[in-house]
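Colleague: Please take these sequences and the hints and turn them into a complete structure.
Residues in the sequence shown are numbered from 1 upward in steps of one, following the working numbering.
Keep in mind the hints are simulated off the structure, nothing from the lab.
Among these hints, one or two may not hold up.
Stated by the list, open to error - Here are the simulated DSS-like pairs of lysine-lysine, each with C-alpha atoms no more than 27 Å apart in a straight line: (1) K164 x K190; (2) K164 x K9; (3) K9 x K170; (4) K190 x K173; (5) K9 x K173.
All values derive from a computational prediction rather than experimental measurement.
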Amino acid sequence: MNTKAGFLKYVLNPFEYIAGLRALLIGLTGMALSIALGVIFDARFDGVLNLHFTEDSTFYQVVTDQCINYLSLCGVFYLLLSGLGARQTRFIDLAGTLLLAMAPVSILPIFNYNGILYQSSVQMIGQLQTPGSGKDVPAIVFVAGFCMLAVIAWTVALFYQSYKICSNFKGPKLIISFSAGLLLAIVISKYLINLISL
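Modeller: Given below as structure tokens:
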């Protein structure tokens, strides 16, 4: 029982064991993996917590997406913490824990193996645009969708723990400021990526 609880604690809040430069290095490894898999399996992280499969994703696009996502998170959360009085926060700790928190999503591009999810999405859009056509949704879409939502939920939980441990905030101040910061980072990252893509 204790072993199971310890494992869950490690998975949901690894920052009690890993922080600073070590977290940054592990996070960089995760980001490198996400970029490689994004190019191989044609996936774009076009916004914080956003993932879309395409016909062809370039190295430049995937790298740009991930850099903007990461810098949006770091910038928004650090300015938020500084503005709310968390003066003791070290940028290296926030940068490291946030990068580590992004690691779980690095595996998600694999779900588009052989372009299956992209092709399924194109097929579904075609069915919706064609009156009288069937609305069959491939089972793989449901399975992949569930798995991806679970990983994204895990990532949000890690973002929360990163923010919590770096801020030392508690109660409503923690929840409200984290929620506002994450939403702002999502909007900024999406806007910047769309702007660059024009």
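Colleague: Compare the structure with each hint and give your call.
Modeller: Each hint tested on the structure:
1. K164 x K190: 24 Å, holds
2. K164 x K9: Holds, at about 15 Å.
3. K9 x K170: The hint holds at about 19 Å.
4. K190 x K173: It holds: about 26 Å lies between the C-alpha atoms, which stays within 27 Å.
5. K9 x K173: 23 Å, holds
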